[in-house]
Amino acid sequence: MNSSPLDTKQDYENYVNSKSPNSPILKNCFNAFWVGGLICTIGQLISSYCQYRGLDQNMSNTIVSIILIFITAFLTSINLFNKIGKFAGAGSLVPITGFANSIVSPAMEYKSEGYVMGVGGKMFTVAGPVLVFGISASILVGILYLIFNTQSIIIM
Amino acid sequence: MNRIGNQTIKFNNPPTILETASIVGPKESNGPLAKYFDKCLEDEFWGENSWEKAESKMIKEASNLVISKSNLPIDDINFCLAGDLLNQCISSSFGLREINIPFFGIFGACSTFAESLCLGSILVESNAANNVLCSVSSHFCSAEKQFRFPLELGNQRPQSAQWTVTGSGCAILSKTGQGPYITHITPGKIIDMGIKDSNNMGAAMAPAALDTLITHFKDTGRNPSYYDGIFTGDLGYVGKEILKELALSKGYNINSNYNDCGVLIFDKDSQDTHSGGSGCACAATVFSGYLFNQLKEKKYKKILLIATGALTNSTTAQQGESIPGIAHAVSIEI
Amino acid sequence: MEFFQTLDYMMLLKAFVVGGLICIVGQILIDKTKLTSARILVIFVTTGVILGGLGIYKYLVDFAGSGATVPLTGFGNALAKGAIEGVKQYGFIGAFTGGITAAAGGIAAAVFFGYIAALIAKPKMKKQ
Numbered sequence: 001m002n003s004s005p006l007d008t009k010q011d012y013e014n015y016v017n018s019k020s021p022n023s024p025i026l027k028n029c030f031n032a033f034w035v036g037g038l039i040c041t042i043g044q045l046i047s048s049y050c051q052y053r054g055l056d057q058n059m060s061n062t063i064v065s066i067i068l069i070f071i072t073a074f075l076t077s078i079n080l081f082n083k084i085g086k087f088a089g090a091g092s093l094v095p096i097t098g099f100a101n102s103i104v105s106p107a108m109e110y111k112s113e114g115y116v117m118g119v120g121g122k123m124f125t126v127a128g129p130v131l132v133f134g135i136s137a138s139i140l141v142g143i144l145y146l147i148f149n150t151q152s153i154i155i156m
Numbered sequence: 001m002n003r004i005g006n007q008t009i010k011f012n013n014p015p016t017i018l019e020t021a022s023i024v025g026p027k028e029s030n031g032p033l034a035k036y037f038d039k040c041l042e043d044e045f046w047g048e049n050s051w052e053k054a055e056s057k058m059i060k061e062a063s064n065l066v067i068s069k070s071n072l073p074i075d076d077i078n079f080c081l082a083g084d085l086l087n088q089c090i091s092s093s094f095g096l097r098e099i100n101i102p103f104f105g106i107f108g109a110c111s112t113f114a115e116s117l118c119l120g121s122i123l124v125e126s127n128a129a130n131n132v133l134c135s136v137s138s139h140f141c142s143a144e145k146q147f148r149f150p151l152e153l154g155n156q157r158p159q160s161a162q163w164t165v166t167g168s169g170c171a172i173l174s175k176t177g178q179g180p181y182i183t184h185i186t187p188g189k190i191i192d193m194g195i196k197d198s199n200n201m202g203a204a205m206a207p208a209a210l211d212t213l214i215t216h217f218k219d220t221g222r223n224p225s226y227y228d229g230i231f232t233g234d235l236g237y238v239g240k241e242i243l244k245e246l247a248l249s250k251g252y253n254i255n256s257n258y259n260d261c262g263v264l265i266f267d268k269d270s271q272d273t274h275s276g277g278s279g280c281a282c283a284a285t286v287f288s289g290y291l292f293n294q295l296k297e298k299k300y301k302k303i304l305l306i307a308t309g310a311l312t313n314s315t316t317a318q319q320g321e322s323i324p325g326i327a328h329a330v331s332i333e334i
Numbered sequence: 001m002e003f004f005q006t007l008d009y010m011m012l013l014k015a016f017v018v019g020g021l022i023c024i025v026g027q028i029l030i031d032k033t034k035l036t037s038a039r040i041l042v043i044f045v046t047t048g049v050i051l052g053g054l055g056i057y058k059y060l061v062d063f064a065g066s067g068a069t070v071p072l073t074g075f076g077n078a079l080a081k082g083a084i085e086g087v088k089q090y091g092f093i094g095a096f097t098g099g100i101t102a103a104a105g106g107i108a109a110a111v112f113f114g115y116i117a118a119l120i121a122k123p124k125m126k127k128q
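Chains as they are written, first to last, in the working numbering: chain D, 1 to 156; chain Z, 1 to 334; chain U, 1 to 128.
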């Protein structure tokens, strides 16, 4: 044999990639689509009801977030959310439910290290970066808006 | 005891594996090898309030079990070699803190069981000890917590990911006994082929297993058909296929008598373990439960156990380092 | 119920389709790259902040309602929108207070319910 997969690290990486099973991407996308869509539809139902009761859109969206986060925390605490997540993948990760689950799950995980440094300290080990990047980016957006006094692209 | 070839040690008065014991968790208890294990747990906490405590309890109880099965008084066991996957090997040191046997904590990631058998047989052969206890453990939940994500996080495991075996496997090596005997050991070198994906450990460890396998054959002058069975520790389905192909390309056909403990311990289809089992306890419980039984019943007479380890940790993984692999081979004959 | 007579069913359908499509983007990222779920969340929230800051995301919100606000890009959009409104109202300091004010409900709920869940529940092994 002239060349072996072990000749260089690159050869081996290519070889391993050809040997490793792929995720069933079509099935995963289908599940992600309908679960994610369903979660958003539930959100829309709640939001429509809030607006029907006379709340403005911002307040309605906040209530949607809080209710979905509560449902996620509940499902996580009865050990059900990880099963949904395994089935739906991005379908439950990308909506606000994924953010809530990534705060609730380490909080539960590190309960054995105590309620202050365990639950309190480790709560943001997974979701911390989301807040860091989200909040920092929003401050930049605010400052840029202050400088240019416009949102740079206005369509129409 | 003398060294043959580059890195193999041949024992002139081969130590006997006197007795073994295994305790496994709930998932392993539903696997194909369940009937070979000494004790199957129904819940992963085993009455404790943390997984770390549960893992310590497993290695403690499995060690006590193997001692009582061997009928040896505790004073006759001269040394204990133990290890696990958690930082600073706390499962073994906490689990065995009351056992009153001189203790060596060892770490070889998932290859720790073979490492303890290697070092233990050297201690016995060199007359430093009459009996040595080798114990290892791993726990799915404590390993996930340390190396990956919280258990309740709703994420998908890639198809190449492996499932850490929950359990503990122990063996007592003895100067005297009727076998099975450890006749040769081939401690392996660290081999790093640059794999960085911690969800593909089998691929990261396969080159190390290949190196140890070929070195063993070259040093001993044996060939694959000498053994009734060749078993790697936890290469899983991905690593097993890679090792088979690479060995064949180097002129060693192991297709007919080779299997992997991580493939044996779970039923891939019904248990959803993707690429198979991993962890210190994978090789240890499969050997202590299934393989030792087969040796005792003379279904296998000569086996080669190659436990493989991925020498990584969560910090190096985050720093973008690759995963070095290691593999130690132990030749066991009756 | 009177509410169901006034309900805009077309809006529900649009929320379903748009929300589902955004999740498909996430799923392709999961399967085609080796990104961890935390990184994917960061990508989505940052994308949402950028699109919100550029004023593009609000068209998607107008079109799909919760289909655009419930995914994490919507969370990012809310942060960006809040920061801009903060600047309009309070000037420079508003860039710092506006974003979190707009997203305060979600963050506070996640922290509070997360702590409560940890108080009452214990993680369990996936049986299958």
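Some hints could be false.
To be verified - Simulated pairs of lysine-lysine, DSSO-like, Cα-Cα distance not exceeding 27 Å: (1) U:K124 with D:K83; (2) U:K122 with D:K122; (3) U:K122 with D:K111; (4) Z:K35 with U:K124; (5) Z:K302 with Z:K189; (6) U:K32 with D:K86; (7) Z:K196 with D:K86; (8) Z:K10 with Z:K53; (9) D:K9 with D:K27; (10) D:K111 with Z:K53; (11) U:K34 with Z:K196; (12) Z:K268 with U:K14.
The hints are simulated quantities; they were obtained by calculation from the structure and are not laboratory data. The structure presented is a predicted model; accordingly, all values stated were derived computationally and were not measured.
Problem - Structure-inconsistent hints, enumerated in ascending order - result: Hints 8, 9 and 12 are the ones this structure does not satisfy, whereas the remaining hints hold.
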